[in-house]
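*Asks:* As they're listed, the protein sequences go chains R and D.
If you use our numbering, the first sequence corresponds to residues 1 to 114, in order.
If you use our numbering, the second sequence corresponds to residues 1 to 114, in order.
Be aware that one or more of the hints could be misleading.
[Said to hold, decoys possible] Distance condition first, Cα-Cα at most 20 angstroms in a straight line; then the derived SDA-like pairs of lysine to any residue:
| id | chain 1 | residue 1 | chain 2 | residue 2 |
| --- | --- | --- | --- | --- |
| 1 | R | K42 | D | A107 |
| 2 | R | K49 | R | N61 |
| 3 | R | K101 | D | N101 |
| 4 | D | K57 | D | V88 |
| 5 | R | K42 | D | G53 |
| 6 | R | K42 | D | T55 |
| 7 | D | K57 | D | D73 |
| 8 | R | K49 | R | T72 |
| 9 | R | K101 | D | V60 |
| 10 | R | K42 | R | S3 |
| 11 | R | K68 | R | V112 |
| 12 | R | K49 | R | D85 |
| 13 | R | K101 | D | T86 |
| 14 | R | K42 | D | P8 |
| 15 | D | K57 | D | T9 |
| 16 | R | K42 | D | A7 |
| 17 | R | K42 | D | D38 |
| 18 | R | K101 | D | T51 |
| 19 | R | K42 | R | V95 |
| 20 | R | K42 | D | Q11 |
| 21 | R | K111 | R | G62 |
| 22 | R | K101 | D | R68 |
| 23 | R | K49 | R | G59 |
| 24 | R | K111 | R | G43 |
| 25 | R | K49 | D | R110 |
| 26 | D | K57 | R | S3 |
| 27 | D | K57 | D | N70 |
| 28 | D | K57 | R | V112 |
| 29 | R | K42 | D | T86 |
| 30 | R | K101 | R | N24 |
| 31 | R | K101 | D | Q11 |
| 32 | R | K101 | D | T54 |
| 33 | R | K42 | D | T54 |
| 34 | R | K49 | R | G62 |
| 35 | R | K42 | D | K57 |
| 36 | R | K42 | D | R110 |
| 37 | R | K58 | R | K69 |
| 38 | R | K49 | D | D38 |
Worth flagging that the hints you see were computed from the coordinates, not collected in a lab.
On a predicted model such as this, the values are computed, not experimentally measured, just so you know.
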Amino acid sequence: AQSVTQLDSHVSVSEGTPVLLRCNYSSSYSPSLFWYVQHPNKGLQLLLKYTSAATLVKGINGFEAEFKKSETSFHLTKPSAHMSDAAEYFCVVSVPSGTYKYIFGTGTRLKVLA
Amino acid sequence: IAGITQAPTSQILAAGRRMTLRCTQDMRHNAMYWYRQDLGLGLRLIHYSNTAGTTGKGEVPDGYSVSRANTDDFPLTLASAVPSQTSVYFCASSDVDSGANVLTFGAGSRLTVL
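Chain D on its own, in the form it takes in the complex (with noise of 0.2 angstroms):
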């Protein structure tokens, strides 16, 4: 089935411990997003990625990166956690190119940070 991967689902992390979250699509879009979603304050953009081998800065990038190697993969890496990064994570992607500019999103992935 198309769409977008997210691994893993849930997570609980000791503060200051490195993690990886995972992003994967298989629909070709060419931008990719990671947002944050916290009770009270919706969706905040964290990163993106207009193409393979770019990325930019969103709302709140601080204490978070991200690579994109190639169209398919999107990971979001937090070098050592702290318990205001406990979130819900969501990817997405679009396909810019063809004006559908409609955002397509993963399950999500539930992170804890204690």
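The following block holds chain R by itself, in its conformation from the complex (with noise of 0.2 angstroms):
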């Protein structure tokens, strides 16, 4: 079976220091991993994607994630926060499934300290 556990519910971090948000996931395939973000009243927007290439991924805004098999992690990184990264980030595993079938983590909300 295929599960996503983002390891933190809301994370707290002062503008300008490194962001951290944890995700660990289960699949009995070779995985398709995401991140995307989530503005207030926003829909999803993809920060990033990983595919079986390269095992850091970068993204959009200075992010990037590290995709560690033997940790079967997925953990979302940024060096140094700004307040427009305030958020919520949601971790996705997709597998093929007849299509492909989505599983989304609970979330993570980023809140940013001036």
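Reconstruct the complex from the two isolated chains, following the hints.
*Replies:* Now the structure itself:
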């Protein structure tokens, strides 16, 4: 069975400090992994995706994530938080199942303090 | 601008009423999806469609129906709304054939059932 666990429901960081949002997955297949961001009252926007190429994936707005198969993790990082990064972040795993099946984590709300 | 259009943006509905949420995409994606988003539960799949003319049940299909008469449109119908269907609904699409399998989301429809 496939699953996604986001280890923190809320994360608070000060502006200019690093961001770490943690995600662990479970999959019987070789998964595709994604991070999406949702700003208040908006839809979800793709930040980055891993699809079995380079294990370190760079996304938009300075975010990156590293796929670690041995740890079944796909943590999202950013060296320096900006106020505009305050949002909810979703880790998603996709596995082929007839069509692609997408499994969402429950989300991590990032708060950035001035 | 290419993407997904959802309507209405927001709606308040009396219990027992019928409601259709509209979703239109102009990217010629073959797969489309309806999710509901509830606090603490992330996104849950209601129904999906791999291609025009076919639909399938997701994780929480009860009380909802969909149709896919053509590639672009994927309406979601609540035949007799109940308060537990109060939620934010997101339509999404993906181009499965290209192998990209990235989900593109609409801006959402906020539904309140009283």
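*Asks:* Next, verify each hint and record whether it holds.
*Replies:* Going down the list of hints, with the structure as the test:
1. Among the hinted pairs, K42 of chain R with A107 of chain D is consistent with the structure: their alpha-carbon atoms are about 6 angstroms apart, no more than 20 angstroms.
2. Annotation: proposed proximity of K49 of chain R to N61 of chain R holds, straight-line Cα distance about 14 angstroms (limit 20 angstroms).
3. Annotation: proposed proximity of K101 of chain R to N101 of chain D holds, straight-line Cα distance about 10 angstroms (limit 20 angstroms).
4. About 19 angstroms separates the Cα atoms of K57 of chain D and V88 of chain D, which keeps this hinted pair within 20 angstroms; it holds.
5. Taken as a hint, the K42 of chain R and G53 of chain D pair is broken in the structure, with Cα atoms around 30 angstroms apart against an allowance of 20 angstroms.
6. As the CA atoms of K42 of chain R and T55 of chain D are separated by approximately 26 angstroms, the hinted pair breaks the 20 angstroms bound.
7. As the CA atoms of K57 of chain D and D73 of chain D are separated by approximately 17 angstroms, the hinted pair is consistent with the 20 angstroms bound.
8. A hinted pair counts as satisfied when its Cα atoms are at most 20 angstroms apart, and K49 of chain R with T72 of chain R qualifies at roughly 15 angstroms.
9. Pair hint K101 of chain R plus V60 of chain D holds up; C-alpha atoms about 14 angstroms apart against a cutoff of 20 angstroms.
10. A hinted pair counts as satisfied when its Cα atoms are at most 20 angstroms apart, and K42 of chain R with S3 of chain R does not qualify at roughly 25 angstroms.
11. The hinted pair formed by K68 of chain R and V112 of chain R fails the criterion: a straight-line CA distance of about 27 angstroms is larger than 20 angstroms.
12. As the CA atoms of K49 of chain R and D85 of chain R are separated by approximately 18 angstroms, the hinted pair is consistent with the 20 angstroms bound.
13. Taking the CA atoms of K101 of chain R and T86 of chain D, the gap is about 24 angstroms. The hint is violated against a cut of 20 angstroms.
14. The straight-line distance between the Cα atoms of K42 of chain R and P8 of chain D is roughly 14 angstroms, inside the 20 angstroms bound, and the hint therefore holds.
15. Annotation: proposed proximity of K57 of chain D to T9 of chain D is violated, straight-line Cα distance about 24 angstroms (limit 20 angstroms).
16. This hinted pair checks out: K42 of chain R and A7 of chain D have alpha carbons roughly 14 angstroms apart, not beyond 20 angstroms.
17. In summary, the hint linking K42 of chain R to D38 of chain D is supported, as the alpha carbons are separated by about 14 angstroms, within the 20 angstroms threshold.
18. Between K101 of chain R and T51 of chain D the alpha-carbon distance is near 14 angstroms, which keeps this suggested pair within the 20 angstroms criterion.
19. Between the alpha carbons of K42 of chain R and V95 of chain R the distance comes to roughly 26 angstroms, so the proposed pair goes past 20 angstroms and is violated.
20. Under the criterion of a C-alpha separation no larger than 20 angstroms, the hint pairing K42 of chain R with Q11 of chain D is consistent with the structure, at around 16 angstroms.
21. Note on K111 of chain R and G62 of chain R: the hinted pairing holds, with a Cα-Cα distance of about 17 angstroms set against a maximum of 20 angstroms.
22. Taking the CA atoms of K101 of chain R and R68 of chain D, the gap is about 18 angstroms. The hint holds against a cut of 20 angstroms.
23. Between K49 of chain R and G59 of chain R, the direct Cα distance comes to roughly 8 angstroms. Compliance with the 20 angstroms bound is thereby established for this hinted pair.
24. With a C-alpha separation of about 18 angstroms, the suggested pair K111 of chain R and G43 of chain R falls inside the 20 angstroms cut-off, and the hint holds.
25. For the proposed pair K49 of chain R and R110 of chain D, the alpha carbon gap of about 28 angstroms is over 20 angstroms, so the pair is violated.
26. Between K57 of chain D and S3 of chain R, the direct Cα distance comes to roughly 19 angstroms. Compliance with the 20 angstroms bound is thereby established for this hinted pair.
27. A distance of roughly 18 angstroms separates the Cα atoms of K57 of chain D and N70 of chain D; the hinted pair therefore holds under the 20 angstroms criterion.
28. The suggested pairing of K57 of chain D with V112 of chain R is violated, with an alpha-carbon distance near 38 angstroms, which exceeds 20 angstroms.
29. This hinted pair checks out: K42 of chain R and T86 of chain D have alpha carbons roughly 17 angstroms apart, not beyond 20 angstroms.
30. Our distance criterion of 20 angstroms between C-alpha atoms is met by K101 of chain R and N24 of chain R, whose separation comes to about 17 angstroms.
31. Distance hint between K101 of chain R and Q11 of chain D is unfulfilled; the C-alpha atoms sit about 29 angstroms from each other, more than 20 angstroms.
32. Between K101 of chain R and T54 of chain D, the direct Cα distance comes to roughly 16 angstroms. Compliance with the 20 angstroms bound is thereby established for this hinted pair.
33. Of the pairs offered as hints, the one joining K42 of chain R and T54 of chain D is violated, with about 29 angstroms between alpha carbons and a cut-off of 20 angstroms exceeded.
34. Restraint check for K49 of chain R and G62 of chain R: satisfied, since their Cα atoms lie roughly 14 angstroms apart, inside the 20 angstroms limit.
35. At most 20 angstroms may separate the alpha-carbon atoms for a hinted pair to count; K42 of chain R and K57 of chain D exceed this at roughly 25 angstroms.
36. Between K42 of chain R and R110 of chain D the CA atoms are separated by roughly 11 angstroms; this keeps the pair inside 20 angstroms, and the hint holds.
37. For the proposed pair K58 of chain R and K69 of chain R, the alpha carbon gap of about 17 angstroms is at most 20 angstroms, so the pair holds.
38. Only pairs whose Cα atoms come within 20 angstroms are accepted, and K49 of chain R paired with D38 of chain D is rejected, the gap being roughly 24 angstroms.
Violated hints, in rising order: 5, 6, 10, 11, 13, 15, 19, 25, 28, 31, 33, 35, 38; the structure is consistent with all others.
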